[in-house]
Amino acid sequence: MTRASVVGADMTTFGVHERTLTELFATAALGAYDDAGVGPDDIDALYFGNAMGGQTENDTHLAPAVAAQIGLAGIPCQRFEDACATSSNAFKNAVEAVEAGVHDTVLVGGVERCTPETGLGTGEMTRIFASASDRYYEQPTGLTFPGVFALHTKRHMHEYGTTEEQLAHVAVKNHANGTRNPNAHFGKEITVEDVLDSPVVADPFRLMDCCPFSDGASAVVVTSDENADSFDNPVDVGGVGHATDIVPLSAKPVVQATQAARDAASQAYEQAETSADEMDFAEVHDCFTGAEVMASEAIGFFEDGEGGPAAAEGRTAIDGDRPINPSGGLKAKGHPIGATGTGQIVELTEHLRNNAGERQIDGAERAVAHNLGGDAATTVVTVMEARE
Amino acid sequence: MSLSHAEWVDALRDGDLLGVRCPDCGTVYGTPFAVCNECGSRDVEMTELPTAGEVYTETTVEVSPVGFDAPYQVGIVQLDGARVTGRLTGEVGIGDRVVLDGVLEANDEVAPVFTAE
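Chains A and B supply the protein sequences, listed in that same order.
Mapping to our numbering: the first sequence position 314 is 314, numbers consecutive.
Quick note: to get our numbering, add 1000 to the position in the second sequence (first position is 1).
Keep in mind the hints are simulated off the structure, nothing from the lab.
Please read these numbers as outputs of a predicted model, since none were measured by experiment.
Among the hints, a few may not be true.
As the list claims (entries may be wrong) - Quick look at which bits of chain B chain A covers, simulated, 3 or more residues with Cβ under 8 angstroms:
| # | stretch |
| --- | --- |
| 1 | 1017–1026 |
| 2 | 1030–1040 |
| 3 | 1047–1061 |
| 4 | 1064–1075 |
| 5 | 1083–1089 |
Stated by the list, open to error - Derived Cβ-Cβ restraints for the label pairs, each shown as a range:
| # | chain 1 | residue 1 | chain 2 | residue 2 | range |
| --- | --- | --- | --- | --- | --- |
| 6 | A | Thr179 | B | Asp1024 | 53 to 59 angstroms |
| 7 | B | Gly1067 | A | Glu23 | 29 to 35 angstroms |
| 8 | B | Pro1071 | A | Gly357 | 41 to 47 angstroms |
| 9 | A | Thr20 | B | Asn1107 | 27 to 33 angstroms |
Quick reminder that beta carbons are idealized off the backbone N, C-alpha and C, glycines included.
Pulled out of the complex, with its shape left as it was, chain A reads as follows (with noise of 0.2 angstroms):
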């Protein structure tokens, strides 16, 4: 089933950029524009994620902002705002609106800037990153996002042996495919050896189990199933499921399933009349190795406690058995919080249109994106097919 079509696409490259949030929010959305050929009279709305920009760089109320940028001024403009997962909600609001009938074409997208241009260094982008956890229950402990993840991880380690060189294999992957995509941040072949020597960040994480600080936007253009077939390239979007988890991490049952996940997966695969096994690749939100291990089980891409040893044997390699992040994933391609979400959307529309370049998976017909956000108690996941 379809429940909207993506019909035009584009990102900018995700890594350091000088442009301000509405400049590059601008370039991701003209090339979206472009990409389906329509202009501003043909959008009827905008919705749009930025994460962090009014602790980053003071700078809120950024839809309208952004709008008046690139001639939507006068049309329905909102921002989304769930921390990692902020612009596949703001997808997901978009799909329903559409599908809904409320508007026929909107564009979608999400910005954000986390690097040093924002004239902030790490440790005051660290406690910004942090303020993701709970206020009261876990902030006032000094945990760290690379923390949160590193509670998941050990657990997950703990019941099922999962090991530091498994993990390690993430990044390794991660890292060539990266070199396969000229949008990524990071386009440089590692060994596990380098990961395992690199500087410990929060155990078992080290440096480059990490994914970087990164700026970018991404923006998608979405339209009916039934609009969609005048475009030239359209991919249909067959479900998107949204789960939400309990706060803060102490409360979940079960701190390793990464439950939010597998109940949005569960909704998703069951709109689309589809499951895991049918997914040519997934984009999973990999902000540290450990995320993309637990989110190859949540999706249903391996049975709980395999997804260590399958990334180790390259199971998940672009010319593995059960591709996960073609595109470097946040780990290689970067991970410019507010662009995260639609940056997986353009993503799987290119490999869904066989206009992926070097890192294209063969034959792709189906495919999954997992966007998390904050404690993973917040996420997004999407499932896309090309148009028969």
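Following the hints, put chain B in place on chain A, whose structure we already have.
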């Protein structure tokens, strides 16, 4: 509210750990909730948690936010049916027994500190 954040903090400073218990389904939480997330009951009651338990998961933070000096260990401690996040001392790992041993005052907030039993 059966337990406020202020009450949780005051108790912690006195050496007590408070949580909430749902009388309808029996779920116990280590932090306040107005409504039980398991069964939806609004009758959750304040309950005193044991101050000794077992490390459920832990990490040592080596890169800290501003206002904290790394390295330090943070973990989640299982206290019978509830869990609480706090600082850990004494080089403990998952499964090790720990006991509440004071509080960390940081940026006008407070966190429990557990040490090896």
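Here is how each hint holds up against the structure:
| no. | hint | result |
| --- | --- | --- |
| 1 | 1017–1026 | violated (count 0) |
| 2 | 1030–1040 | holds (count 4) |
| 3 | 1047–1061 | holds (count 6) |
| 4 | 1064–1075 | holds (count 9) |
| 5 | 1083–1089 | holds (count 5) |
| 6 | A:Thr179 / B:Asp1024: 53 to 59 angstroms | holds (56 angstroms) |
| 7 | B:Gly1067 / A:Glu23: 29 to 35 angstroms | holds (32 angstroms) |
| 8 | B:Pro1071 / A:Gly357: 41 to 47 angstroms | holds (42 angstroms) |
| 9 | A:Thr20 / B:Asn1107: 27 to 33 angstroms | holds (31 angstroms) |
Violation of the numbered hints given earlier is confined to hint 1; every other hint is satisfied by the structure.
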